[in-house]
Amino acid sequence: MIELKHVTKIFKQGLGQTQIALDNVSFDIPQGTIMGIAGNSGCGKSTLARVMMGLIPPTSGSVLLDGKAVSSYSRKERSQSIQMIFQHPAQSFDPKMMFEHSLMEALKVSQRIDRDKFNAAIREMLSQVDLSETLLHRYPHEVSGGEAQRMAIARALLLKPKIMVMDEGTSMLDVSVQAKLFDVLTTAQKRTGMTMILISHDLEVISKTCQTLAVIYCGSVVEQGTTEQLLTRPKTAYVKKLVEEFAFFDI
Amino acid sequence: MHYDIQMADVTIEFALKSKRVSAVDQVNVTFKAGKITGVIGETGSGKSVLGMSILQLLPKQACISGTCFFGHKDLYALDAESMRKIRGQEIGLIVQNPNEALNPVRTIGRQLMEPLIKHFDVSRTEARKTVEAHLRCFGFEMPKKVMQQYTFQMSGGMNQRLIAIMGLICHPSWLIADEPTKGLDAILRRSIYDVFWEIRQHYTQSMIVITHDLFFAKKLCEQIVVMYQGEIVEIGEAKKVLTTPLHPYTKGLLMATPKAGMTPIPDHLNPSHESRCKFYSRCQFASAKCKVQFVELREIDPDTMVRCILYD
Amino acid sequence: MIHYFLKRVISLLPVWIGITIFAFFLGLVSPGDPVYLSLTRDGITEPSEAMVNAKRAELGLDLPYHIQYVNWINRVIRGDFGKSIYDNEEIKAEMLRRMPVTLKLAFSAFVITVVAGLGIGAVMAATRDTILDRFLRQLCTLMVSIPGFCMAIILIAIFSECFHLLPTSGMEGVKSFIMPSLVLSMGTIGTSARLSRSNFIGEISKQYVLVASAKGMSKSFIGTWHIFKNAMIPIITFFGLYFAGILGGSAVIESIFALPGMGSYVIDAIYNRDYFIIQAFVLLTGTIYVLSNLLIDMLYFLINPRMKQGDSL
Amino acid sequence: MKMKRMEAMPFMILGAIVLITILAPLLAPFDPEMIDMQNRLSAPTAAHILGTDSLGRDTFSRVLYGGRQSILLAFAATLISMGIGTAVGFVAGYYGGKADLLITGISNVFLGIPGVSIMVAFAGVLGPGMNSLLIAVTVNSWVGFSRIVRGEVMQLKHANFIEGMKSVGASDGWIFIRHVLPNLSDSLIILFATKVGSVVLSVASLSYLGLGLQPPAPDWAIMISDARPYFREHPLLMAAPGAAIITFVWSVHAIGDYMRDKLDVNKGANDAL
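Order-wise, the sequence lines are chains A, B, C and D.
Under my numbering, the residue at position 150 of the first sequence is numbered 991, and the numbers go up by one with no gaps.
Under my numbering, the residue at position 207 of the second sequence is numbered 1203, and the numbers go up by one with no gaps.
Under my numbering, the residue at position 85 of the third sequence is numbered 609, and the numbers go up by one with no gaps.
Under my numbering, the residue at position 37 of the fourth sequence is numbered 102, and the numbers go up by one with no gaps.
Hints are computed from structural coordinates only; laboratory data are not their basis.
Be aware that a few hints might be false.
[Unchecked claim] Here are some chain C residues the structure puts well away from chain D; computed CB gaps all over 10 Å:
id, residue
1, G567
2, P571
3, A581
4, W596
5, G603
6, N612
7, V698
8, A768
9, R797
10, M822
[Said to hold, decoys possible] Simulated pairs of lysine-lysine, DSSO-like, Cα-Cα distance not exceeding 27 Å:
id, chain 1, residue 1, chain 2, residue 2
11, A, K1082, B, K1178
12, D, K327, A, K937
13, A, K1001, D, K231
14, D, K222, C, K730
[Said to hold, decoys possible] Output of the computed footprint for chain C on chain D, the stretches with three or more beta carbons under 8 Å from beta carbons of chain C:
id, stretch
15, 164 to 173
16, 226 to 232
17, 272 to 282
18, 287 to 296
Backbone N, C-alpha and C fix where the C-beta goes; we use that ideal spot for every residue, glycine too.
If we strip away everything but chain A, and leave its shape as in the complex, we get (with noise of 0.2 Å):
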């Protein structure tokens, strides 16, 4: 369970200036569901990604994990509770690993399975995300996108997390390649029954896949309900032009 209570961050931009990324957020995200919260670019949602990460603190208000701060938790614990999916792919890994010394490190550094097991657990969870164990070693730059998007998530689930965040994961992908990463993305949500956290600007995505929904608009939560309740009734003026913007190309 992750809640979020009147979250606010501001950013200090030199010479008293200050940008208000963030503005008194706050919703609560039951285990196992998956939420989706959209929003167009420059809105806040990749800061609020990074707030729930606990990479970033917020001004004021607080994160809770299962009812603990998130800043309270050290990088291990919080490592095996929630993990992120980023927007470019390749960028996600270090250029200069192989795909194996990458995974390998993470499993190393979270300690979540003992050291003989990494192997086999590696190419268990290969043959989840469905990717051939020959790309285990290739480089990042030598890959397609959807085949790199696809290795962060199976870095991330060899971390046994509850919870997954995904930034935009896979707004520079195809659509083809998209329903593909979807398709392995609701698979092993259903295996494990963790709870996602779906940020995208694209209100179609999100709306096939996800159960609740948060609209931000410059930072803060405009509505927030059940997809279906946003979509067919939107009572705020933003959220129906949004609708009406995705209805416009469906006719």
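Use these hints to put chains B, C and D onto chain A, whose structure you have.
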């Protein structure tokens, strides 16, 4: 009189350090004047390479074979000087990311006047007046002020309209748009659609729109060309192709969209087989014949063609 | 504009103060106690304890360091660098006479570096990956690798001893500056040419170049009006470093070509352990460097439109 | 790392020169400092392959020994400044804020004083010789490294894979050693090669004027300076050490350029320093 663009046996390969990578493979297509044709395909299908080859805007390493007739001129055979006269004057281009399409250290006004002065040899004041007219036509209230400013002072939407004007300022008969909706959020995607609608009303009907956004193409284009790994697999009337597709790949593409439930196209089941049909290894309707028989782009009816054994 | 100018002055001030502290530090660290030196100059070879203390008080050397520093700064700002230990000459007069020579040399070398660097860089970028490009790149690497004095000797052998075109040393008007400024700029030409090349090539792949050619503009038009100006902006920031390199190198070149500049003066000062001159040299070259940086920042401000629109750096 | 023959040349030359310099005592036919006034200024003979200088010392042996001091000094000084510069640069880049401001301020001051002036100053104050040069070079070149490292670390800090490693649970130290340093290595090698080259050059310039390395130990620059008056009759006396310096510095710079082209990354920052 607007000419058609006819491309015959076009093959484009890139001579990289170690090996030659083929991007476009034996393409035959005719883009009809007065029609908006959408070229759809995923990354690596060769759609952008095909589009950019028309204006010879490919990097040096590209080697092009085949012909691309614009009226009676073969664009591939043109020397640099005569191709320069075509670019902007007869065929305009709208590029991908608007925020990086303008020179950041040169005022917008001067960049818009450049082609006018170069192609039509008009005086600066006259060029300035034409540019102001175009700016007003695209919804800029204070054209004079905008002409003094720079691209980094403009919003995404405004930059979109500026690059549209840039492509149209010399009233070209044809327009090529390369991935206009790539990486845009919903609002900017809608505003670029309005820009194209504006172009359609006031400037030219003959357009080639290269995109991977199926629904944008369905809404905007009349004709659709679907490409897969450098080959054209299906051509047809837009509404028909994107509601009742013929080729298995197009079907798979539509099924993979969020609206249709995101069922993925299977990955290469048996990639090792060298087969005539490039989609063989991912196709549910694959049969022994597909591997052996070479399939041509068969014409089903006047404006529908498909490359698949099922329709042979 | 003024806002940016003040901002640059404020940010360069600590640099200047740092240089003065470094110069002052040199004075302190230098061996040979100035008290005894001035005493011997007064003809007292075995000064008594009292005389030494009186002298020390007179010179103000008994005060705590920071006060000494402030006194020193007051004198220095008015140009009073003290007297040369060797020939008791007033350093300020000597420096004023010699500074124009060094400035002329450094400035002409700087101009050659910029012009040649950009020129060769542009040629290499335009003909990238051809034989000419590879040859010029090797030439740049070679130019950076030849020591100044070797190049000087070679040039002197060719132009002075064989063809008697240029004077080998001394001050005979413009002609005596040609070889020194060429040798002085040689090293920096290699570096600036390579940097310009990678910047030009970086711009060629940018989107606005594609748009410009799609508008039907000619290659040369795009080269001059679009690529050159964009590439110039990052290059200007390195002019300051080139100038520092040239300023430093001028000391050696002046000695080789016997030009009466500040450089040769300080090199002689080192032979004679004349620390005040060294102090004055470091201070003056540092000040020239800071002023030139300010000038280059203003040039950057004028060329880069992003600055004028109030986007702070 | 397969390289075309031409590209491998600088590495081979550098290797050869360093090897020769180390093995000089074994290779040199004569003791470089043995004065033999009888056949002074002799032309190349079977015994003295490159002839002898004004004091009858064998030029060939002196050229073999000539690089020892300046090359050793260049490598040592550049290594030290690389160490200091990388540490300082990392702190400024990774933690930013006040530390960054302070370090940038200080490094601007060091940049403010042109390199040779520092060397000239230290040579004057501490007396010419090896140690004053070592200090002067280190004081002058650590800034170059810290600026580059700071710039790169700032970029790396926001790279997804660093955030990825943090979310996987890696500590800052682990990230620095396993990820930051390897990714910095390319730029550091380029800068190290360029710096060694420029240090050898500036030391040679000073030695030529008699302010750098001191005779009687054989040094290329001093040899050239001594050979100046005999230049017309005995060009070899100057050509041999000159060629040695140019070859060494060229090979080091060529390695730097090769690494930069291979990296093919438009890092303007590390070209100029």
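Inset, instruction - Would you pick out the hints that fail for this structure and give their numbers low to high? - result: 8, 9 and 16
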